[in-house]
Amino acid sequence: MSGSGGGGRQVRAIESIASHLVVLLAVAFALYPVLWVIALAFSGSATPEARVLPIPREPTFDHLWAVISTTREVGDSTQWLFGRQLANSLIVSIATALVGIGIATPTAYALARFNFVGKEGGLRVLLATQMFPAVASAIPLYLLLDFLGLLNSRTGLILCYATTAVPFAIFQLRAAFESIPVDLEEAAMVDGATRFQAFRMVVLPAARPAIAVTALFAFMSAYNEFILAATLLGKEDMFTLPVVLQRFIGEYDAQWEAFAAGALIVSLPVMILFYVLQRHLVAGLTSGGVKG
Amino acid sequence: MVAVSVQQVTKSFGATKVLRGVDVHVPAGGFAVLVGPSGCGKSTLLRLLAGLEEVTSGSIRFGEREVTRLEPRERDIAMVFQSYALYPHLTVRDNLAFGLRLRKTDPAEIGRRVDEAAAMLGLSHLLDRLPKALSGGQRQRVAMGRAIVRRPALFLFDEPLSNLDAALRAQVRVDIRKLHDQLGATSVYVTHDQVEAMTLADVMFVLNGGVVEQQGAPLEVYDAPATRFVAGFLGSPAMNFIKATIEDAGGGGLRARLGDGSANLALPPGLPARPGQAVEVGVRPHDLELCDESAAEIHLKVDFVELLGPEIHAHCVLAGAPVIACLETRTGVSVGDTLPLRVRRLHLFDQESGRALR
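As given, the protein sequences belong to chains H and Z, one line each in that order.
Residue -7 is where the first sequence starts when you use my numbering, and the numbers rise one by one after that.
Residue 4 is where the second sequence starts when you use my numbering, and the numbers rise one by one after that.
A few of these clues could be false.
Unchecked claim - Going by beta-carbon spacing under 7 angstroms, a handful of chain Z positions derived as facing chain H: (1) 55; (2) 84; (3) 90; (4) 91; (5) 105.
Stated by the list, open to error - Just a sample of chain H residues kept apart from chain Z, beta carbon distances all over 10 angstroms, derived: (6) 0; (7) 18; (8) 63; (9) 106; (10) 114; (11) 173; (12) 175; (13) 193; (14) 213; (15) 255; (16) 259.
Keep in mind that the hints were calculated from the coordinates and are not lab data.
All residues carry an ideal CB built from backbone N, CA and C; glycine is no exception.
If we strip away everything but chain H, and leave its shape as in the complex, we get:
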């Protein structure tokens, strides 16, 4: 009896060690490259070399500071270039999220609640647009924006990003609205609400987690986007951060430490957003998951 009991304890201990090992490996696998970026960003030595442990050599804040304090001369004044580029990225991403949600919310609600001519066909076309990567339309977009005089502008970039953000948001939010019982709106209308009031006071609050998640995805896809930004933006002071980052790796000269420092700075807003929205995020993801 005691022997088998001891055996049971041993098995449990081995199981515990094994599962911890697996988790540890998974964490290391996910974090190792990130740790390397951090190490590189704070390293004083000039070139990165292959080492096992990502520990900064001759730790320094110089690279971070150098990236943040990038300036340029405009006429006889000095412009804080990095600040402007960070603002470009944030403005474009936030505007993309707002435009995406602003257009997709009423559209998705109509698709979820009403029957109208062309609904099924429209949905199919919407889905079809999702099959092509944005890059495929880079050239026509370039010509269009050129025609509209929106090349090299944040407005132009926002419009391009919205074309991919809106359909995605519509599909996300339609599923979210469909999961909200119609009874709630009917109860509100019997209680004295107009249909619009029922939407604003009952449906929107109930869909808030889904809207938050969808907005976050729209923000992130715009914030991380590189190819369209690199194609449509020619002037340095209009660059978004992914384009800025790429410029650190030139044909003849790769500033890996600056690249790493830039990457860290670029990650910060997204990390903050995730932290702030994590409660909604989990709720939104699970509710979407149940619905399929």
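We have chain H already, so just place chain Z on it with the hints.
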């Protein structure tokens, strides 16, 4: 409180006719129950009263007011949904106050009415909770409270008890009727449960296939069902039906030759039946009564006995048809017995039309 008057209302969804010309009149302050099997159109009728669906033809009046084309919010009604439909992001207090706030009621008055309704329903200690932190019974009471605070002219109930367990259902059923008597507003209540219909209604409307098969006071409908459908729908256990042929019993009397012809039942005089007519004899399980051999009208052989406490359900066969008799437990009936029975009351239905012959 208002009288409700539904005249010749039809409702179709595409090619499907859900209501085929329904007339319903509920006096002011009355408690009407719409009852019927699923798909009979009762919930659709309620939604038409609420204004959540539009009638295809016909008219609806609340008192003197024509409401057929009015929006729900213009009808001065409150509705309790089967799902309760509590606003998930609002506390119980805000759920109750929602309708009053929309109507720009004075905040002090809102507070007073919410507290009053909460006290009436025993919700006072739950006012700051969200719906997800409530039990099923509590949610149901919040849904009731949300209707009460509005003091509407008409209450609509859409199967409000079907998500509660049996014990709670019996309790809330009583509470709803008491509340109605206390508030005095007109109520229309939809259910598929004939017990709820019998116990709650002043006036009952039995719907089947989109028409009102019969209306009247519950006991009236129970005692004198107009059709075979109504007879079979109301009552538990359901009425026994035995196919039969009318025969001349001699001496001016008629009798029914039951089922396979192995038994006869004398019919009371004055029934509008003629010899040779194909009918169904309906007998409620509670209308079968043990008696002396000499007074017996029929004999039943007991197949199976269900013991329910004060009474038993004796499952028997009469002329090839299954028949249940509800008898007092202390009569000591057991399987294999042959019971001499008297029929206290019988119903006769034309086999073809299903209409009662009386």
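Consistency of the hints with the structure:
At a threshold of 7 angstroms, the smallest CB-CB gap from residue 55 of chain Z to chain H is about 5 angstroms, leaving the interface hint in force. Taken as an interface hint, residue 84 of chain Z checks out: its beta carbon lies about 5 angstroms from the nearest beta carbon of chain H, inside 7 angstroms. Contact between residue 90 of chain Z and chain H, as hinted, is supported at the beta carbon level, the nearest pair being about 6 angstroms apart and thus within 7 angstroms. Of the supplied interface hints, the one on residue 91 of chain Z holds, with its beta-carbon coming within about 6 angstroms of a beta-carbon of chain H, less than 7 angstroms.
Annotation: interface hint on residue 105 of chain Z holds; nearest CB of chain H at approximately 4 angstroms, less than 7 angstroms. The Cβ of residue 0 of chain H sits about 41 angstroms from the closest Cβ of chain Z, beyond the 10 angstroms cut-off, so the non-interface label holds. Even its closest Cβ contact with chain Z, about 34 angstroms, leaves residue 18 of chain H beyond 10 angstroms, as expected for a residue assigned away from the interface. Annotated as non-interface, residue 63 of chain H keeps its C-beta farther than 10 angstroms from every C-beta of chain Z; the closest such distance is 48 angstroms.
Listed as a non-interface residue, residue 106 of chain H keeps its Cβ farther than 10 angstroms from every Cβ of chain Z; the least gap is roughly 14 angstroms. Every CB of chain Z is more than 10 angstroms from the CB of residue 114 of chain H (nearest about 21 angstroms), matching its label as outside the interface. Against the 10 angstroms criterion, residue 173 of chain H falls within the reach of chain Z, whose nearest CB is about 6 angstroms from its own CB. Look at residue 175 of chain H: its CB is around 4 angstroms from the nearest CB on chain Z, not clear of 10 angstroms, so calling it non-interface is violated.
The Cβ of residue 193 of chain H sits about 8 angstroms from the closest Cβ of chain Z, inside the 10 angstroms cut-off, so the non-interface label is violated. Residue placement check: residue 213 of chain H keeps its beta carbon more than 10 angstroms from all beta carbons of chain Z (closest about 28 angstroms). The claim that residue 255 of chain H lies off the interface holds: its Cβ sits roughly 39 angstroms from the closest Cβ of chain Z, which is beyond the 10 angstroms cut-off. Separation of residue 259 of chain H from chain Z is adequate, the least Cβ-Cβ distance of about 33 angstroms exceeding the 10 angstroms criterion.
Hint check: violations occur at hints 11, 12 and 13; the rest are consistent with the structure.
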